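Number of protein chains: 2
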Amino acid sequence: MEKKYKILVTNDDGIDSPGIFALASAMSQLGEVVVAAPDRQQSAVGHALTVARPLRVTKVKRNGALFGYAIDGTPSDCVKIALSNLLEEKPDLVVSGINHGQNTAINILYSGTVAAATEGMLAGVPSIAISVASHDTSVPMDAAAEYALIIAGKLLESKLKPNFLLNVNVPAIPKENILGIKVAKHSSSYWKDTYEMRLDPFGRKYYWFAGEYYLESEDDIETDDAALAKGYVTITPVHFDFTKYDVLTQLKHFEV
Amino acid sequence: MEKKYKILVTNDDGIDSPGIFALASAMSQLGEVVVAAPDRQQSAVGHALTVARPLRVTKVKRNGALFGYAIDGTPSDCVKIALSNLLEEKPDLVVSGINHGQNTAINILYSGTVAAATEGMLAGVPSIAISVASHDTSVPMDAAAEYALIIAGKLLESKLKPNFLLNVNVPAIPKENILGIKVAKHSSSYWKDTYEMRLDPFGRKYYWFAGEYYLESEDDIETDDAALAKGYVTITPVHFDFTKYDVLTQLKHFEV
Numbered sequence: 050m051e052k053k054y055k056i057l058v059t060n061d062d063g064i065d066s067p068g069i070f071a072l073a074s075a076m077s078q079l080g081e082v083v084v085a086a087p088d089r090q091q092s093a094v095g096h097a098l099t100v101a102r103p104l105r106v107t108k109v110k111r112n113g114a115l116f117g118y119a120i121d122g123t124p125s126d127c128v129k130i131a132l133s134n135l136l137e138e139k140p141d142l143v144v145s146g147i148n149h150g151q152n153t154a155i156n157i158l159y160s161g162t163v164a165a166a167t168e169g170m171l172a173g174v175p176s177i178a179i180s181v182a183s184h185d186t187s188v189p190m191d192a193a194a195e196y197a198l199i200i201a202g203k204l205l206e207s208k209l210k211p212n213f214l215l216n217v218n219v220p221a222i223p224k225e226n227i228l229g230i231k232v233a234k235h236s237s238s239y240w241k242d243t244y245e246m247r248l249d250p251f252g253r254k255y256y257w258f259a260g261e262y263y264l265e266s267e268d269d270i271e272t273d274d275a276a277l278a279k280g281y282v283t284i285t286p287v288h289f290d291f292t293k294y295d296v297l298t299q300l301k302h303f304e305v
Numbered sequence: 050m051e052k053k054y055k056i057l058v059t060n061d062d063g064i065d066s067p068g069i070f071a072l073a074s075a076m077s078q079l080g081e082v083v084v085a086a087p088d089r090q091q092s093a094v095g096h097a098l099t100v101a102r103p104l105r106v107t108k109v110k111r112n113g114a115l116f117g118y119a120i121d122g123t124p125s126d127c128v129k130i131a132l133s134n135l136l137e138e139k140p141d142l143v144v145s146g147i148n149h150g151q152n153t154a155i156n157i158l159y160s161g162t163v164a165a166a167t168e169g170m171l172a173g174v175p176s177i178a179i180s181v182a183s184h185d186t187s188v189p190m191d192a193a194a195e196y197a198l199i200i201a202g203k204l205l206e207s208k209l210k211p212n213f214l215l216n217v218n219v220p221a222i223p224k225e226n227i228l229g230i231k232v233a234k235h236s237s238s239y240w241k242d243t244y245e246m247r248l249d250p251f252g253r254k255y256y257w258f259a260g261e262y263y264l265e266s267e268d269d270i271e272t273d274d275a276a277l278a279k280g281y282v283t284i285t286p287v288h289f290d291f292t293k294y295d296v297l298t299q300l301k302h303f304e305v
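Here the protein sequences line up with chains A and B, keeping their order. When we follow my numbering, the leftmost residue of the first sequence carries the number 50, and every step to the right adds one. When we follow my numbering, the leftmost residue of the second sequence carries the number 50, and every step to the right adds one.
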């Protein structure tokens, strides 16, 4: 290896998740890895930040050696504090994952995995979010870890301006059945929200999210959901440019 | 008034915040208002969803009458559960705010106020997020409430396809000094992250977010931050289209 890269590894499933072990192990083949991750499960927290209370940082050991920093905050908090206080210098790469559950389409907005990579991007560091398309935490992570390594290597070599992050999704199928890597836009799949109303042991109502994910553009292999379902590892370059420019001019009559 | 609209009012500062009173009162001039908001302060939670635990919904009275529903979740949760379970029919409008503190530029990503309006948009309802540019909760809300009413009226009349939300920011200055409404793209202002390391009473370290907001394009009146600072109410049409299309083709060599 010509250069020993410095890589920040994080996730949203918490520092004890199998996914982050697999990812940190893969990334260590590219250079020096620092792990900074939530001290517990933080799925669906999106881009939440902790500002109203302080954060605690705890060193976590595995097999007698320092594995990383556990932080009692969100994935975004972890990357922010790692970049500003825990790392001695700016890393060459931020990689978030390996998430249990795909982060395609609108899930990009809710995903703590993607939010962590977003903080890397916003700090000007090439960044990757990687997820495997199964919520089963016993699903093998070897294929995802291998693709994370390939994609991280390519991104580091590409010298592209880091004004985007790579959102990577890996099918939960045996490695030998994966068809390859497909660069794809995100689909317009969406959640249809429902909440189940139940009664607690005291007869009081509570509501539990029971939304269903509706696939769109299922035949359009140029979209993340369709390519993933077909057996491809998908890469979507993601940015957050919120202005809807085509509507700007249509609103001119709002200017009173 | 020709039509009596149905309007869902929410926020991220919590149902007891002065901003949501002012907003609900203004919106009641347009039609029937239902309030569904977090039961406590939820700033900076972004698009976080509550999926791992159930939600409780409590009716809140003010002056002896039903004011709205308090929910022990995030702003996104509140809109989702209101649209799916609490309202009898789809509303004509979702309005979120009035937030204490401006939500310009990248703050759109972290803002619970904007996240709530996003859920309205995703459900196909015209939606508005409105914020006043001061964290001082005693700042008068009358100007913001008045502009919320003007802009809500215009949006309801416009019949534009609701594939965007309106992100409105109001300067914290006396109403008579406001220069008018300016439709503007969001600026590229950003946070420079720092965390203050302190010691607790037991001598243990803790870290507190102490980031600073850096203004960009301060002279470009076509951006939200600049127009707001000059004294305009700004309207930015916001969408979440994450794919960075110009990079898609540059990544073709990633396809192995």
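Please note that the accuracy of each hint is not assured.
One copy or any two copies: either way a pair holds, since identical chains are not told apart in the list.
To be verified - Derived pair list, reagent style DMTMM-like, types lysine to aspartate or glutamate, alpha-carbon separation capped at 25 Å:
1) 224 x 141
2) 301 x 269
3) 301 x 268
4) 139 x 268
5) 224 x 138
6) 301 x 65
7) 224 x 261
8) 110 x 137
9) 210 x 191
Rather than coming from a laboratory, the hints here were simulated on the basis of the structure. All of these numbers come straight from a predicted model, not from anything done at the bench.
Practice task
Tell me, please, which holds for residue 301 and residue 268 at an alpha-carbon limit of 25 Å: within, between, both or neither?
Solution key: Answer is between; shortest inter-copy Cα gap is 20 Å, intra-copy 38 Å.
Practice task
Please work out whether the CA atoms of residue 139 and residue 268 approach to 25 Å or closer within one copy, between two copies, in both situations, or in neither?
Solution key: Neither: 41 Å inside a chain and 31 Å across chains, both beyond 25 Å.
Practice task
With 25 Å as the alpha-carbon cut-off, assign the pair residue 301 and residue 269 to within, between, both or neither.
Solution key: Close across copies (17 Å), not inside one copy (36 Å); limit 25 Å.
Practice task
Pop the pair residue 224 and residue 138 into one bin, within, between, both or neither, using alpha-carbon distances up to 25 Å.
Solution key: Answer is neither; intra-copy 35 Å and inter-copy 47 Å both fail.
Problem - Same-copy or cross-copy closeness of residue 224 to residue 261 [CA-CA at most 25 Å] - result: Cα proximity of residue 224 and residue 261: none, with 28 Å in one copy and 45 Å across.
Handout entry: Copy assignment of residue 301 with residue 65, given that the CA separation must stay at most 25 Å
Key = Classified as neither; 52 Å inside a copy, 35 Å across copies.
Practice task
Tell me, please, which holds for residue 224 and residue 141 at an alpha-carbon limit of 25 Å: within, between, both or neither?
Solution key: neither (28 Å within a copy, 49 Å between copies)
Exercise for the section: Can you give me the call for residue 110 and residue 137, within, between, both or neither, at a CA distance of at most 25 Å? Expected result: within (20 Å within a copy, 53 Å between copies)
Practice task
Can you give me the call for residue 210 and residue 191, within, between, both or neither, at a CA distance of at most 25 Å?
Solution key: Cα proximity of residue 210 and residue 191: none, with 29 Å in one copy and 45 Å across.
Consistency with the previously given hints fails for numbers 1, 4, 5, 6, 7, 9, ordered from lowest to highest.
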